[in-house]
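Trainee: This is what each chain is made of:
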Amino acid sequence: MNRFSYARPNDLAEAVQVATAESRFIAGGTNLIDLIKYNVERPARLIDITRVPGLDRIEPAPGGGLRIGALVTNSTVAYDDRVTASYPLLASAILAGASPQLRNAATTGGNLLQRTRCYYFYDSGTACNKREPGSGCPAIGGLNRIHAILGTSEDCIATHPSDMCVALAALAATVHVTGPIGDRVIPFADFHRLPGDRPDRDTTLEKGEIVTAVELPPEDFSAHYTYLKLRDRLSYAFALVSVAAALDLDGDTIRTARIALGGVAHKPWRIPAAEDFLSGQPATAESFARAADTLLSGAQGFGHNTFKIGLARQAIVRALQQAAAGTPQSQIDKRIR
Amino acid sequence: MSTTIETHVGSPRRRVDGRLKVTGAARYAGEVAAPGLLHGYVVSGTIAKGRITGIDTAAAEAVPGVLKIFTHANRPNVPAGDADYQDMVAPPGQPFRPLFNDRILYSGQPVALVVAKDFAAARHAASLVNVRVEAEPHATDLDRLRDSAYVPPEKREGIAPPPEPRGKADDALAASPTRVQNEYRIASEHHNPMEPHASTVIWEGGGKITVYDKIQGVKNSRDYITAVFGLPPDDVRVISRFVGGAFGIGLRPQYQLFLAVMAALDLERSVRVELTREQMFTFGYRPGTINSVAVGANPDGKLQAIRHEAIQGTSRFEDYQEVVVNWSGLLYHCDNIALNYRIAKLDTYTPADMRAPGAPLGVFAIESAIDELSYALKTDPLELRLNNYADTDENEGKPFTSRELRAACRQGADHFGWSKRQPEPRSMHDGRELVGWGMATGIWEAMMMPHSARATLTAEGKLEVACATADIGTGTYTILTQIAADSLGLRMEDVTTRLGDTMLPEAPVEGGSWTAASAGSAVYLACEKLRQTLFQLARGMDASLLGNASFEHVQFRDGRIELRTDPSETVSIAEVLRTAALDRIEEHETAAPNAETKEKFSQYTHSAVFAEVRVDEQLGVVRVTRIVDAVAAGKIINPKTARSQIIGGVVFGLGMALHEESMLDHTLGRFMNRNLAEYHVPANADVPEIDVIFVDEHDDKANPLGVKGLGEIGIVGTAAAIANAIFHATGRRIRSLPITIDRLMN
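Those protein sequences? They're chains A and B, same order as listed.
Be aware that the first sequence starts at -6, since it is given in the working numbering, and climbs by one per residue.
Be aware that the second sequence starts at -7, since it is given in the working numbering, and climbs by one per residue.
Simulated from the structure, these hints should not be mistaken for lab results.
Please note that a few of the clues may not be correct.
[What the hints assert, rightly or not] In silico lysine to aspartate or glutamate, EDC-like type, Cα no more than 20 Å apart, as pairs:
| no. | chain 1 | residue 1 | chain 2 | residue 2 |
| --- | --- | --- | --- | --- |
| 1 | A | K327 | B | E681 |
| 2 | A | K327 | B | E270 |
| 3 | A | K30 | B | E425 |
| 4 | A | K30 | B | E609 |
| 5 | A | K327 | B | E187 |
| 6 | A | K30 | B | E670 |
[What the hints assert, rightly or not] Examples of chain B residues toward chain A, derived with CB under 8 Å:
| no. | residue |
| --- | --- |
| 7 | A54 |
| 8 | Q610 |
| 9 | M655 |
| 10 | T659 |
| 11 | A675 |
| 12 | D734 |
Glycine residues also receive a C-beta, built at the ideal position from the N, C-alpha and C atoms.
My request is simple: use the sequences and hints to build the entire structure.
Mentor: Right under this line is the structure:
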């Protein structure tokens, strides 16, 4: 851990103003502090935004839907009445992750910006293109059991570890940001990046930009949804594969489907073609399996993680079955429905 | 009229140190404060083998608050001889010498110590130390090195090598109509106690130091310090009053102790060195193990042959050994047995004893093979075991001091409802989930080691008992208090137990499940001596009511000595001391194993573990939903702390079965999942209801208390029982632990 200075701006404008390339915004700090301890992040200055007003509310969005401020904690979101009633998929995904203590501290904006759990990324004694561009990727050909099978590059096979973001991707949320170039709204699918040749960049945020809110559109899928997470123990582990599934059904026929995968790529993995295919199809295992094929098209294993391809296929089908049946996965009872 | 005294021993009692622990009043090695305390932060190496060509410390030294950066190039003089670095638990070989020279022996090796006025400065400066290295080819993959495995030429003290072969295993195996032959593997594991290793060295002046160390035996640290740094024993006091879990990794002095003492002596200041969680992966670990097992039986289910060979890794510099295969010769009656144990050199640190070292590894193999045999024979796995029950120790040709394993099997089975098990794999379902019931037996040594204790009674009727042994969270403070309170007929509140200090009567390291039997016996004997002394004093009192009584005629109750036949004939202990004009009576005693008993008998604890699992085989998800562990371990001093010990062991075994794996990147020669997010231990959600049954087992030979120890037995059969249950559920035999999703899914 390096030495750093500390700033606590009183409003958003000041926060944006004091930000530099060497500074980092900090809210819950549940990931950033670890990264600093591991010398992965070496900020010259921490800008504590927890006192910035206006970012800690959940409120109706102007065009319907719900707007969640960047500083609202994961716990607050998961147990908010409006969220549990209208966006239970989001609540379920949040409760599938971390622990109560972490969720009490972690914020909405921070969750979007958490970084990969790749062993090599955390180990400053090894090479890592994400941590030190150009140094190499020991995970390819090394220990890659937890790594990506989709959208990888020859520079990086890391995954994005969030559960919440998988649900936000499926719900087609938008990310509201502000910064030196003013306010922007980024569709969720465009917020996180694939690694390409710049795996050091996780998101499309520009320098100095700050997340102010996440907005959920009116379409809520509250009747037919599930968040199914498969991991190395029954709680408190990052996803090997997770699936956020949401359906709008007309009897047994699918009107609209949304599927996002976690644990398999550098970002929540969503393929519109798979969802388009399901439109008008019967809600059967056969349809779901074909959607899974489309979602996993081009999937590539690296040895230890090759099992994820088959696991993801099974998980997609099961999740869509859970959603269609209106029996979402409970995050308390660990029996998989 | 005689009275029955309700004893503390045998009754559930709360931990006497519980309040101290939950309020934070119990201070651990890294929490002790001292005026002007300096903080050391370790710089860890990154390559597995090679040479340090230079260390640039200029940037680190420029950090305000940094006092000194120790490296191999500027460290104070220390002896070069290996013998000086030996400790009580060291295996044969040349112990690791921190900062000794430019050689890198393993990845994560400490290469520098930054000492600063505060922790933050030390940590920041450590990140600026630039170590240049020249790497050499290394090898850490046991699979690739298995052909280089050898029978250790020098045996490790206290570790029994495999017994001589009995009969002709190969011939009997070939002649057996039913045979099972397979490889069974267990991943390397790290101990991961909640409390990371730390040493706080208090500079007392005049060359004297007091060391608060995370250690399972203060004598081991003290002897190490005096040998390595050439200090007289009187100048070094080591204290380890509380240990936040150790599981074996606190047996040997670790490098943070060396570094803290070195810095304190050099700077003549108090110094603390605490390791990070990540650095907890830079020394001993449970070695990954490859077992090859073959068993053969006749159609009547009688075992004809057992062959069991195990290969484990060790370091380049020490020949670590543990007992892996011997258990296969102890659990069953079999005339043809061949057991073999070999080790292979890896470029890692030396492995370390970890809860029941060796036993769950070998028992996983033999108890999986026996389970496989039961299916091949179409017989019940439990009945197969009872059909081949060993009534004596056939490895050594001796009777057991006691062995209620059969009762454990029966009582465990009854409690679990084993008779309702459908024998066919995949025959039990609950909704989507396949249900499996499996069982295995467990075994561990019931050892005793020489321990000394002191018992001091004051005129106020307060008793203090003391022994240098450690309580690593097992409940030693509590059970010694119970034993002492019963001896003198006192309330537990009137007894204080002191542990973990080289100023106290000597004890070896705490480990091997021997502490209850050993320290317990020493305290018992010291208190017994105190009773005798008190009785003699009481008899000598003018107008003594007990004048004509013999020792057998009296009992101690409520702070008084009374005639068993007539409790109204009584005198208070306080009065005895007052009359004798004594303000205190102090007695010392040493308890040691009886050589003749050891010669004639074998001493083991046993268990029968029954597990229920539910498996979603499409998704590879297994849930352990029920465990019953029936344990035969002699007398149970405190059923409450005893149960906790078994539950902890079972959870440990569950982790071995499903979760725990220290992942080595063989290209880097480096353990990579060095944190508790990626090194998985069971979370609460993974741990089912665990029923612990203590089977009545009377043992009048093992030790004066009839106690056999509980620290290890809980883990031993658990992983095998779970793996066997998974086979019963799914029909898939997974012979490699941990059984993770990728290994389980179809």
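Trainee: With reference to the structure, classify each hint as holding or not holding.
Mentor: Do the hints match the structure? See the list:
| no. | hint | in the structure |
| --- | --- | --- |
| 1 | A/K327 - B/E681 | holds (14 Å) |
| 2 | A/K327 - B/E270 | violated (30 Å) |
| 3 | A/K30 - B/E425 | violated (42 Å) |
| 4 | A/K30 - B/E609 | violated (39 Å) |
| 5 | A/K327 - B/E187 | violated (30 Å) |
| 6 | A/K30 - B/E670 | holds (16 Å) |
| 7 | A54 | violated (12 Å) |
| 8 | Q610 | holds (5 Å) |
| 9 | M655 | holds (5 Å) |
| 10 | T659 | holds (6 Å) |
| 11 | A675 | holds (4 Å) |
| 12 | D734 | holds (4 Å) |
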